[in-house]
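Asker: So you can see what is in the structure, the chains are spelled out below.
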Amino acid sequence: MNVQRVVAVAYKEWREIVRDRLFFSLAFVVPAVLMLLFGYGLSLDVENIPFAVVDYDHSAQSRDYAYRFIDSRYFDFKGYVRDERELGGLLAQSRVRAAIVIPEHFGQRLQAGRGAQVQTLVDGTFPFRALTTKGYVTAINASANQETIAQLLARAKGVPVQTAREAVQPVRLEVRYLYNQSVKSIWSLAPKLLMVILMISPPFLTALGVVREKESGSIFNIYSSTVTRGEFLCGKLAPYVAISALNILALWLLATLLFAVPFKGGFLFFMAASLIYVICTTGIGLMVSVLVRTQVAAMIVTAIVTVIPAVLYSGVLIPIPSLGPSAQAIAHLLPAMYYTNIVVGCFLKGVGLAALWPDVLILAAYAAVLFTVGFTMFHKRPVS
Amino acid sequence: MTRLDLQVWGRRLAVMTKKEFLQLMRDAVLLVFIVYAFTADIYLAASGVTLQLNHAATMVRDLDRSAASRELLGRFQPPYFRLDGELASDAEGLHRLDDGSAMLTLDIPPQFERDLATGRQTALQMQVDATNSVLGFLASSYAAQIVGGYGLEVGLKQLGVGGGNADALPVVDNRIRVWYNPNQNDAWFMGISELLNIITVFAILLPAAAMVREKERGTVEQLLVSPLTPFQIMFPKVISMTAVILLGTALSLFAVLLPGFGLPVKGSLPLFFALTGLYIFTTAGLGLFAATIARNLAQVGMLTILILAPMLFLSGAWTPPEAMPVWLRQLTFVSPLHYYIDIAFGILLKGQTAGELLPLIGGMLLLGGAVFGFGLYRFRRQFG
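The listed protein sequences derive, respectively, from chains A and B.
Under the numbering used here, the first residue of the first sequence carries the number 167, and numbering increases by one thereafter.
Under the numbering used here, the first residue of the second sequence carries the number 164, and numbering increases by one thereafter.
I should point out that these hints are in silico values taken from the structure, not numbers from a laboratory.
Just so it is clear, the structure is predicted and the values come from calculations on it, not from any experiment.
One thing to keep in mind: the hints can contain errors.
Claimed, not checked - Among chain B residues calculated to face chain A with C-beta under 10 Å, some are:
| hint | residue |
| --- | --- |
| 1 | L207 |
| 2 | D292 |
| 3 | L315 |
| 4 | L322 |
| 5 | D349 |
| 6 | A373 |
| 7 | V388 |
| 8 | T392 |
Said to hold, decoys possible - To spell it out: a stretch of chain A is covered by chain B in this simulated footprint if at least three of its residues, at any positions, have a beta carbon under 8 Å from a beta carbon of chain B; those stretches are:
| hint | stretch |
| --- | --- |
| 9 | 307-315 |
| 10 | 454-462 |
As the list claims (entries may be wrong) - Derived coverage of chain A by chain B (criterion: at least 3 residues anywhere in the stretch with Cβ under 8 Å from a Cβ of chain B; other residues may be distant):
| hint | stretch |
| --- | --- |
| 11 | 168-175 |
| 12 | 183-196 |
| 13 | 199-208 |
| 14 | 288-297 |
Glycine included, each C-beta is placed from N, C-alpha and C at the ideal position.
With the sequences and hints as input, model every part of the structure.
Answerer: Now the structure itself:
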């Protein structure tokens, strides 16, 4: 391999990128904008659930009970509704996502010392939100019941309410959230956004860059030149890897400075591992560009093989262990999951090469395979 | 305008549409990927991804080893939890959490049973890996239910209230009913939202790329010197791509989602297809708008990511719009997907009719008209 020729190809590519000002600026703007938008907007916290109450009872007890929900920061009270028919309409139009229906005689039954029933309706269109909503409802209901029983006990046995409370709740659950003490979603999200963005943008840049030569025909200059396959690919991809490397740094700065995500790991290790990942995703772009002939196809194929897997099979929204067997298999076949381990490890857990070497190794192997396949499939003598 | 004029106008539109179809059909790789995206990709997403806490790997450290501690730990059962054995030391627990082989650990303090018997409040310690904040929340919420229920049983038994029978107490039994997707079947949600994602990707990319390709190759000059109006150049691209995407949608509904996952179609399918067509048209307008800004395909590729990624992520399917900052929530109103997602889920799962969806349809029409008109205006200015 002749270094001079590699440099020449890389320099030519670099000039071409820089001269296309819109493209050049988008190469840096797109990742940063995505980071900002997602960082602010992609909150998985289920809060302010629009919610309504149907109260057929109109008693002090029913109002007290409803108030426990109205008061909660998880629910955004939209008002009392007359009956269930009206409620059905509101749920169908997504004006409310949850509602409680308090039947008649609710207060009477409670005052008589008997149990009472209440119905909660939850919009199940988005299952994961429905689950979380159910969790809130159960928790609020349980604490209401504990309070009732504790007060009952306090009166019956003549003990202070605090003592009675402890008696009905003999076991406390002390939860410690590791790695993300305040369960802030931006902390767990921002590092994974790095993974998503670096999964999407390098292949796009690369695939478009290579296929552009094919489609415009300028690749025939390469076919007829003394540049070998390896030299061409190295030189061609080098500027894209360089741009992506700068993007790693920019995204890292955004995460740590703007979103104030703690970075507990080693910076050098992180940069090195990220570079391997970027080379890997650039390799995906290379694979795509070898397979397709037109830039349209390059864009579509890249979008499908990167955007959707980066979101679904990487652990950013859904943790890998929660995936079904087939999806888990896909996740293990893609590089995103391994890099997720690395970013999460570097940012939140503060573990280094000692714990993450298998992931780094797999990424490196992945990159090697992609480049080898890309190399063997790229021909200087096109078949047709 | 005479009848003849109209005929010629229609003929020109038809010829241009045919040309677009031919161009698309000749890109074999692209076609294969379109079919793949509408079938296999949707199948994988619907079958493999679940958002529920599923067999969370739980390790326990039982320092009491009593009947009571075993009883409590025994309640951490599948499907939510899976007991993976005992820990020999705290350090091992931390290590297991670090390398991700355990998601949570439970610590039972010594003298747990004695404390319970003497009525002293005791604590169960739980450490949760909260790198995924949603899962961390679900795990602690389910654990709180288990511990709370257990504590109440023990407490009531000891106090001799109600004979341990909660029914004889004035407690509220909150029955939760989930509408539209009673079992929170993730396949329905994932299948539909993946379909919407794919439709969006194609609806933006295909027309945008088709438009810019003409610019890049210079064939647009030919079209401009022909008697075609800008509308007649732009519109056939949208018609042909809409037709292809609608075919793909039908394929994935009738070949994958309906037979494979028992998706119940509550509303009218013709209405669904009609509105899908309208949505594709609207979104294509966004793509064409991007195409008027870009000069080559590489630029349009980056611009479409900039439009596409926020649309997909912030559509409201993954992240509840209620949890977004206000400025971002307002921004989602200019995203056609924001309307379409409620329309699609509304027709397919909730069985809504055109009348109920009127505001959403209106919003989409308005947006589509505005964007398409603006794209046309820019195109005229550029070449007129």
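Asker: For every hint, state whether the structure bears it out.
Answerer: Now the hints, each set against the structure:
Nearest Cβ of chain A to the Cβ of L207(B): about 6 Å, under the 10 Å cut. The hint holds. With its C-beta approaching chain A no nearer than about 6 Å, D292(B) sits inside the 10 Å limit, and its interface hint holds. The interface hint given for L315(B) is met, as the beta carbon of that residue sits about 6 Å from the closest beta carbon of chain A, less than 10 Å. Restraint check, L322(B) versus chain A: the minimum CB separation of about 6 Å is within 10 Å; hint holds.
At its closest, the beta carbon of D349(B) sits 5 Å from a beta carbon of chain A; the interface hint therefore holds under the 10 Å criterion. The restraint placing A373(B) at the interface with chain A holds, with a minimum CB-CB distance near 7 Å, inside the 10 Å limit. For V388(B), the interface hint is violated, the least distance from its beta-carbon to any beta-carbon of chain A being 22 Å, above 10 Å. The closest approach between the C-beta of T392(B) and any C-beta of chain A is roughly 24 Å, which is over the 10 Å cut-off, so the hint fails.
Against chain B, the stretch 307-315 of chain A contributes 7 residues with a C-beta closer than 8 Å to a partner C-beta. That satisfies the three-residue criterion, and the hint holds. Given a C-beta distance limit of less than 8 Å, the hint that chain B covers the stretch 454-462 of chain A holds, as 6 residues qualify and 3 suffice. For a cut-off of 8 Å, the count of residues in the stretch 168-175 of chain A with a CB near a CB of chain B stands at 0, and the three-residue condition is violated. Here's how the stretch 183-196 of chain A fares: 7 of its residues keep a CB closer than 8 Å to some CB of chain B, so the rule of at least three is met and the hint holds.
By the rule of at least three residues with a Cβ nearer than 8 Å to a Cβ of chain B, the coverage given for the stretch 199-208 of chain A holds, with 7 such residues. Counting residues of the stretch 288-297 of chain A whose C-beta sits closer than 8 Å to any C-beta of chain B gives 10, which meets the bar of three, so the coverage hint holds.
The structure fails hints 7, 8, 11 (numbered hints given earlier, in ascending order).
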